[in-house]
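Keeping their order, the protein sequence lines are chains A and B. When the letters of the first sequence are read in order and numbered with numbering that gives the first Met the number 0, they come out as residues 0 to 261. When the letters of the second sequence are read in order and numbered with numbering that gives the first Met the number 0, they come out as residues 0 to 326.
Derived by calculation from the structure, the hints in this document are not laboratory data. Among the hints, erroneous ones may be present.
Stated by the list, open to error - Derived lysine-lysine pairs resembling DSSO-like cross-links, with alpha carbons at most 30 Å apart: (1) 97(B) with 45(B); (2) 82(A) with 45(B); (3) 254(A) with 37(B); (4) 37(B) with 82(A); (5) 45(B) with 17(B); (6) 82(A) with 97(B); (7) 254(A) with 17(B); (8) 45(B) with 254(A); (9) 97(B) with 254(A); (10) 254(A) with 82(A).
What the hints assert, rightly or not - These stretches of chain A come out as covered by chain B in the derived footprint (C-beta under 8 Å, 3 or more residues): (11) 14 to 20; (12) 27 to 40.
As the list claims (entries may be wrong) - Computed Cβ-Cβ distance ranges for the label pairs, DEER-style: (13) 84(B) with 4(A): 29 to 35 Å; (14) 146(B) with 112(A): 29 to 35 Å; (15) 246(A) with 137(B): 38 to 44 Å; (16) 85(A) with 1(B): 33 to 39 Å; (17) 37(A) with 189(B): 56 to 62 Å; (18) 99(A) with 217(B): 32 to 38 Å.
None of the values given here were measured: they were computed from a predicted structure. Every residue gets a Cβ at the ideal spot worked out from N, C-alpha and C, and that includes glycine.
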Amino acid sequence: MSQIYQTTRVFLRVYYAYMVEYRAELLLWVLANSLPLIMLGAWTEAAQDGQLSLSPLELARYFIAVFLVRQFTIVWVIWEFEKEVVEGRLSPRLLQPIDPVWHHVAGHLAERLARLPFTAALVGLCFLLYPQALWWPGFSRLILGGLATALAFILRFILQYTFAMFAFWIERATALEQLWLLFYLFLSGLIAPLDFFPEAVREIVLWTPFPYMIYFPASLLMGLPTNLGHGFLIMGAWCLLGLVLNRWLWRRGLKHYSGMGA
Amino acid sequence: MSMITCEHLDKVYPIAIKEPGWQGTWSHFFHRRHRLVKAVQDVNFKIEAGEVVGFLGPNGAGKTTTLKMLTGLIHPSAGQVRVAGHIPFQRRSAFLEKITLVMGQKQQLLWDLPALDSLKINAAVYGISDRTFQQRVGELTEMLALGGKLTQPVRKLSLGERMKAELLAALLHRPQLLFLDEPTLGLDVNAQVGVRDFLRSYNQRYDATILLTSHYMADITALCDRVLLIYQGQLIYDGVLSGLMNRFAPYRQVKLELESLLPTTDLSLYGEVQEVSGREVRLLVRRENLTQAVSQLLANLPVLDLTITEPPIEEIIGRVFASGSVL
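The shape of chain A in the complex, shown without the other chains:
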């Protein structure tokens, strides 16, 4: 156990140093993911006439929560992994007695820590400009929302890392992620809350992993009614399915790996 603790501590410390090496890039990354704040402006304006099922204030809170969830669930492992496979940079990692995925996990977690002050500043600015939107979700919702956000990150990471495995065969695995992104944008609740979807579509979408990456944790955080048991169960099921598929593809992919360029 102390070995795991020691490894985790060193990995996080070193990758944190790596992430804060380029401060301007960090700030730009945070700003680049501010689409929910743009949607906030658009939807609160559209909700002024009272035709939508959520009020302008609820929508403002929803998109601030979406922005927060997005900041904690950004994943880029597929781009890194594809590069490693295509350029043969996976080879040095395969020679070490640790699964290469832990380098990526540590990188993502360290980046979350590095991003935190910028995220907090931007959220603070939002509340300063729109003080009515400031809310306290309550202790239990905060814990559950935090848990759902952590699970959303795990789910997104596992699924994207599973797509990344295809780099062993098709070399341009990121194209799969680009296609996935189309569904993610519309079905995750990033562009619009699922409450605006027709009931039948919403029922179907709730069985897919997409709403659990944004909509579910954001709804928990801002106080929309949610089916907790169903939500966490579906998230767990998709995580498990992704994990099994991921490990199967990893083993098969390694047999296919040629260490190109190395």
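Use these hints to put chain B onto chain A, whose structure you have.
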């Protein structure tokens, strides 16, 4: 038990074929054609613990592919491999802790951070305690003459310093078995000598087994008693370096200093003219003709000085591969 055992090792790769031009591009888009390349064919050898073995061959001969199979990075298409008592591609932790592979410019160090940070990651991965870490880093830093360089970002290091830092990272867990693929590639002469000295002392100090590929014959002659020669995926020689010279290089180099300049045509009567630099001439003469050629040179030409040496090994290996005379 041998440290490395390869029996009937094969590796076959499918390679996509594409003709140039529009037609080639379109036909490649709709119908991919592949051909199978036999990168390694029926390779057999054993290496004992503590040996330093040179792995020679022209580009594309199968050296790196063989190293990748020995380290478990790729699966063989056929044949058996055992390295340090393990089947490499199973990638067991006990196996990975015993080996290292250094691949020229392929870096494991994090580019934007000081090398020391990457070394700390390696220490954590291999479960090296802080005390042992300090002691090993100190020792390796001294052996590699890297003092003061480990706290600089890797991107700010010179090529030679980076290569040495890579070596340090690769050896921190004190592996018993070193696979080195062009470890001195791109280094200046001083840095090459430094890396060679380091590898020699590492081998002696820890009784480590080393399998080394290099385009610099000086690496091979300085470090390896035994060489493996691979050509078109097949092992064509396994033995001592001097034996390789006798078998594939039946030449001696004759250096002359003449009293006056002579035309090349006059010199070529006695052997193959390698170089004419003013009054200094370098000839390659077949060994069986050596006595006769030297007598004639001394009798017929205005020779001031004459020395007979082994030709540079890189020249001979180059000639062997260029002429295809290995088969």
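Structure-based check of each hint:
Distance hint between residue 97(B) and residue 45(B) is fulfilled; the C-alpha atoms sit about 18 Å from each other, no more than 30 Å. For the proposed pair residue 82(A) and residue 45(B), the alpha carbon gap of about 35 Å is over 30 Å, so the pair is violated. Our distance criterion of 30 Å between C-alpha atoms is met by residue 254(A) and residue 37(B), whose separation comes to about 17 Å. With a C-alpha separation of about 26 Å, the suggested pair residue 37(B) and residue 82(A) falls inside the 30 Å cut-off, and the hint holds.
For the suggested pair residue 45(B) and residue 17(B), the alpha carbons sit about 39 Å apart, so the restraint of at most 30 Å is broken. Proximity of residue 82(A) to residue 97(B) is assessed by CA-CA distance (about 28 Å); at most 30 Å being required, the pair is judged to hold. At most 30 Å may separate the alpha-carbon atoms for a hinted pair to count; residue 254(A) and residue 17(B) meet this at roughly 25 Å. A hinted pair counts as satisfied when its Cα atoms are at most 30 Å apart, and residue 45(B) with residue 254(A) qualifies at roughly 25 Å.
This hinted pair checks out: residue 97(B) and residue 254(A) have alpha carbons roughly 22 Å apart, not beyond 30 Å. Straight-line distance between C-alpha atoms of residue 254(A) and residue 82(A) comes to about 18 Å, which keeps the hinted pair within the 30 Å bound. Figure legend: the segment 14 to 20 of chain A, annotated as covered by chain B; annotation consistent (3 residues with Cβ-Cβ distances under 8 Å, at least 3 required). Against chain B, the segment 27 to 40 of chain A contributes 0 residues with a C-beta closer than 8 Å to a partner C-beta. That does not satisfy the three-residue criterion, and the hint is violated.
Between residue 84(B) and residue 4(A) the beta carbon distance is about 31 Å. The supplied range of 29 to 35 Å therefore holds. Range check, residue 146(B) to residue 112(A): about 33 Å between beta-carbon atoms, so the 29 to 35 Å window is met. In this structure the hint that residue 246(A) and residue 137(B) lie 38 to 44 Å apart at CB holds, the actual value being about 40 Å. For residue 85(A) and residue 1(B), the hinted distance range of 33 to 39 Å is satisfied, since their beta carbons lie about 35 Å from each other.
Our hint of 56 to 62 Å for residue 37(A) and residue 189(B) holds, since their Cβ atoms are close to 58 Å apart. Residue 99(A) and residue 217(B) have their C-beta atoms about 35 Å apart, which keeps the hinted 32 to 38 Å range intact.
Hint compliance for this structure: hints 2, 5, 12 are broken, all remaining hints hold.
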